[in-house]
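Engineer: Chain by chain, the residues:
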Amino acid sequence: MGSVPFFFMSASSILIQFLNGLASASSLFLVAAGLSLIFGVTRIVNFAHGSLFMLGMYLAVALAPMLGFWWSVPLAALAVAAFGALVEATLLRRLYAAPELLQLLATFALVLVIKDFTLWAWGPEDLLGPRAPGMDGAVRIAGLRYPEYDLFLIGFGPLVLGALWFLLRRTRWGTLVRAATQDREMAGALGVNQRWLFTSVFALGALLAGLGGAVQIPREPATLFIDLQIISDAFVVVVVGGLGSIPGAFLAALLIAEIKSFCIGLGYSKITLVVEFIVMAVVLVIRPWGLLGRMPAQSRGPGTVELPLAFPTRKALAALGGMAMMLALVPLLSAGYTLVLLTDILVFALFAVSLHFIMGPGGLHSFGHAAYFGLGAYGAGLLLLKGGLPMELALALAPLLAVCGALVFGWFCVRLSGVYLAMLTLAFAQITWSVMFQWDAFTGGSNGLIGIWPSSWLSSKTAYYYLTLATCVGAIALLWRVLHAPFGYALRAGRDSPLRADAIGIDVRAQQWAAFVFAGLFAGLAGALFAFSKGSISPEALAVPRSVDGLVMVLLGGIQTLTGPVWGAALLTWLQDAVSRGIDYWRAVMGAIVLVLVLVFPQGVTGFLRERFAR
Amino acid sequence: MKLRLALGMAAAALAAFGAQAQTIKIGELNSYKVFPAFLEPYKKGWELALQEINAAGGIKGRKLEVISREDGGNPGDAVRVAEELITRENVSVLMGTFASHVGLAVSNLANQRKIVFIAAEPLTDKIVWENGNRYTFRLRPSTYMQVAMLVPEAAKLNKTRWAIVYPNYEYGQSAAKSFKNLLTQAQPGAQYVAEQAPALGKIEAGSVVQALAEAKPDAIFSALFGADLQKFVREGNIRGLFKNMTVFNLLAGEPEYLDTLKDETPEGWWVTGYPWAEIKTPAHRKFLAAYQAKWKDYPRLGSVVGYSTMYTVANAIRKAGSTEPEKLIAALKGLEMDTPIGPIVYRAVDHQSTMGAYVGQISKKGGQGVMVNWRFADGALFLPSFAEVRAMRKD
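From first to last, the protein sequence lines are chains F and X. For the first sequence, my numbering gives the first residue as 1, with consecutive numbering after it. For the second sequence, my numbering gives the first residue as 1, with consecutive numbering after it.
Be a bit skeptical, because a hint or two may be false.
Listed next, the in silico SDA-like pairs over lysine to any residue satisfying Cα-Cα at most 20 Å (straight line) [to be verified]:
no.: 1; chain 1: X; residue 1: Lys394; chain 2: F; residue 2: Gly388
no.: 2; chain 1: X; residue 1: Lys216; chain 2: F; residue 2: Ala142
no.: 3; chain 1: X; residue 1: Lys44; chain 2: F; residue 2: Tyr585
no.: 4; chain 1: X; residue 1: Lys43; chain 2: F; residue 2: Gly388
no.: 5; chain 1: X; residue 1: Lys43; chain 2: F; residue 2: Ala11
no.: 6; chain 1: X; residue 1: Lys44; chain 2: F; residue 2: Pro124
no.: 7; chain 1: X; residue 1: Lys202; chain 2: F; residue 2: Glu125
no.: 8; chain 1: X; residue 1: Lys296; chain 2: F; residue 2: Ala441
no.: 9; chain 1: X; residue 1: Lys177; chain 2: F; residue 2: Ile271
no.: 10; chain 1: X; residue 1: Lys114; chain 2: F; residue 2: Ser456
no.: 11; chain 1: X; residue 1: Lys243; chain 2: F; residue 2: Leu228
no.: 12; chain 1: F; residue 1: Lys461; chain 2: X; residue 2: Arg88
no.: 13; chain 1: X; residue 1: Lys25; chain 2: F; residue 2: Gly582
no.: 14; chain 1: F; residue 1: Lys461; chain 2: X; residue 2: Asn90
no.: 15; chain 1: X; residue 1: Lys296; chain 2: F; residue 2: Trp122
no.: 16; chain 1: X; residue 1: Lys44; chain 2: F; residue 2: Leu228
no.: 17; chain 1: X; residue 1: Lys177; chain 2: F; residue 2: Trp567
no.: 18; chain 1: X; residue 1: Lys43; chain 2: F; residue 2: Gly123
no.: 19; chain 1: X; residue 1: Lys262; chain 2: F; residue 2: Glu125
no.: 20; chain 1: X; residue 1: Lys156; chain 2: X; residue 2: His284
no.: 21; chain 1: X; residue 1: Lys25; chain 2: F; residue 2: Tyr337
no.: 22; chain 1: X; residue 1: Lys216; chain 2: F; residue 2: Ala11
no.: 23; chain 1: X; residue 1: Lys114; chain 2: F; residue 2: Ala463
no.: 24; chain 1: X; residue 1: Lys202; chain 2: F; residue 2: Phe225
no.: 25; chain 1: X; residue 1: Lys202; chain 2: F; residue 2: Leu228
no.: 26; chain 1: X; residue 1: Lys114; chain 2: F; residue 2: Ala335
Derived from the structure by calculation, the hints contain no laboratory data. None of the values given here were measured: they were computed from a predicted structure.
Throw the hints in and build the complete structure from the sequences for me.
Structural biologist: Pasting the structure below:
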């Protein structure tokens, strides 16, 4: 029951499911094309692309009653394009010289601001748009009813693909864009006005996102959830197709949409939860630069030059030691909520430091670090509840589950680099998430596991705080120490110059793999501490937002500094706690604060301080 | 000497006044920014109740004070927020939560910290059964109860081939499971010919509609809601899936979901819901008038839930004559009270209230969805026996 073997799918049903896939592919392609274009030229991982899609939807729904659906679509797209140009010119332009990935932090802040703006402007309820006038019915295909509008979409995707092809291959603007995609600095040196080019590319990308949203309104309601759903789908399509490749994006959209459609047709609907990430993992393992992508050109921006990590001075070490001592004295002053908040901050600090370990000195950007945090947390819960181990043993052994995950995933990940590597880590994290989410009998499914409390001698807030403090301080110190051991030097050598590192006999991949596993171990430890501090664990512990939080902490603190992630974790956790209490539109406020921090401290808060005091 | 006496008396009077004016603090937490469409009406509901309770003098002269927090929609943050309410704000009772996993995490914390928690919105059966605990009470009729309310209607129609569609997470899974169990008991010949479980919020509606049609069912049971429901309804309407098809859809009669369907509202579906405009009982009339006067808006089901949760807390404290957790538990076990949609009892055996729901069909009137042929289903009649419940609960 439930699954119907393929040969039982009637011929007409196969045809209809194929057409369904084509229609979905067109929608996916529109968003993905814009994202790919923007990344290709500006190297911005535009996290807010889904938010632009959402704006397109809401604008089209709002304009349709006044102007009619067919006018609302282009107008909504143009409005989003104008907004995109504004964002690029006023915000992102200031960040091109900043370290890599910092733009990601800025676009993450935009996601928060746009979401709350949408809520404020259009209210909380889902808005179902009108059907498309003139295409509101169905036609008979193989004896079955098929929506006319879906036929329109099937044609519209390739039409946009053709238009983009023409624009990129047959116009002067397109030539410049391709030149900039291949070698940004060279194009600049030859006198191409980069400012104008970047703004126009970003505006075109935003236009495509807005258009993608607007043409979707006859098929689905505008909701406040759509931004994050779309962004993950779009990323997958872009990466599977090959970054910067528009035909690749089309091919990938087609592949993923058809696979989904036939999974549903054959009765395997549950796998749609994760199927695109499985496809992405398989494609990246076989073709490291996507289906039609090429090995990315080495970027030579000023932001990539990094100072060597200096060993902390005696003074700095003394200050850090003093900090730890002061933290140890806190329970004398307060036994209440301060300890709860500090416990959270310490756990996230360890999580962020472990992420920084592979991201900063390791140079391996991970978008899926929550997988190891979550595996550690689930390890703790499962060992305690299902394994019947005492809490202390469960806490000690739980990180090993994260190590197992990191061993397997890391082996594949270190074979890639840059955004491809980041996306493969994301794919593995999503696959792990879906296993936890789906495996009801063992992991508690979407509800998770509850009743994961520490032993009685650790159950008071003060006792658990001391346990967390000791563990996190010790683990962070160890991670930092390792960075200044030969292992750490070799790791940085591999990041800065893989060829030279290889020439002097460092096995770069093995080094990176080991670092990946080491970081996974400590993320897992943070996860286990987290589980026992909350008493329960659910799939959210390893979902995308947790990984994003980790990234934000590292970037906010300053990726090029040693202690940055700790301050980033403290700042973000404290901000979330303080701002969400009492402020209605707290997400927008959070976003605005992050934006200000990004603009004022492009090197991260710690990086800024270091520069300040180094003078 | 006289002066000192006078000062002393004044101080005593002030102290007495202080005690008099001291409020009873209630901690409330919910995912306001994650599910604003449901939780704004909910908040308006409890704010109305709070205003009424305090206007009537509070409880033995002490006013209630609600300290409301955003829980971020995830268990980790929710537990931290609840800790803050308990330790920093010293609240006497916790109430709130929406999503089941958040509700369960807070319920688990309440058990650990020994504080009473009234779960307002979560639907999961586990919060009162498998994972039920001494400190947690739940107001809303659960997934199981609402499915059980629909099954008698489904069995009456005597359709053989059933297709099932539900969002792929605990709520949808347990709805589908309960439906199959209960329908097979009532109608042993029922067959389940297709089952679709799209990811929550990500239904590929066209493909799902085609896959269901391919199985040639006589009837469909759906647990979809929100954006998934809207997509499913529009695709099904265009593709003609619902022509001459009997459809049962859990929750779809709640204004939160029904109102978004507008002129796509399908005719004749059986649903559970809340036909707010047509309920003429005195209790509901009073509530409706007060709600509309205060908020210039009509109530959603969430408004009734928020309103009744607040009254649950007030009534429990009044009955207990104290905010001591043990006395509150004793008061809540078997607590009888009125709600806008009828009297309820918090069952002593599993801490589940007997709040009911309205069962009926939906129809389109003037471009809007409404419930027709509805009747009230008393929750007390759709709960498993005490013996079954005791077997599920661990305490």
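Engineer: Against this structure, judge whether each hint is valid.
Structural biologist: Now the hints, each set against the structure:
no., hint, result
1, X/Lys394 - F/Gly388, "holds, 17 Å"
2, X/Lys216 - F/Ala142, "holds, 16 Å"
3, X/Lys44 - F/Tyr585, "holds, 17 Å"
4, X/Lys43 - F/Gly388, "violated, 42 Å"
5, X/Lys43 - F/Ala11, "violated, 52 Å"
6, X/Lys44 - F/Pro124, "holds, 14 Å"
7, X/Lys202 - F/Glu125, "holds, 17 Å"
8, X/Lys296 - F/Ala441, "violated, 47 Å"
9, X/Lys177 - F/Ile271, "holds, 19 Å"
10, X/Lys114 - F/Ser456, "holds, 15 Å"
11, X/Lys243 - F/Leu228, "violated, 35 Å"
12, F/Lys461 - X/Arg88, "holds, 13 Å"
13, X/Lys25 - F/Gly582, "holds, 17 Å"
14, F/Lys461 - X/Asn90, "holds, 16 Å"
15, X/Lys296 - F/Trp122, "holds, 18 Å"
16, X/Lys44 - F/Leu228, "violated, 28 Å"
17, X/Lys177 - F/Trp567, "violated, 48 Å"
18, X/Lys43 - F/Gly123, "holds, 15 Å"
19, X/Lys262 - F/Glu125, "holds, 13 Å"
20, X/Lys156 - X/His284, "violated, 30 Å"
21, X/Lys25 - F/Tyr337, "holds, 17 Å"
22, X/Lys216 - F/Ala11, "holds, 15 Å"
23, X/Lys114 - F/Ala463, "holds, 18 Å"
24, X/Lys202 - F/Phe225, "holds, 10 Å"
25, X/Lys202 - F/Leu228, "holds, 11 Å"
26, X/Lys114 - F/Ala335, "holds, 17 Å"
When each numbered hint is compared with the structure, violations occur for hints 4, 5, 8, 11, 16, 17 and 20.
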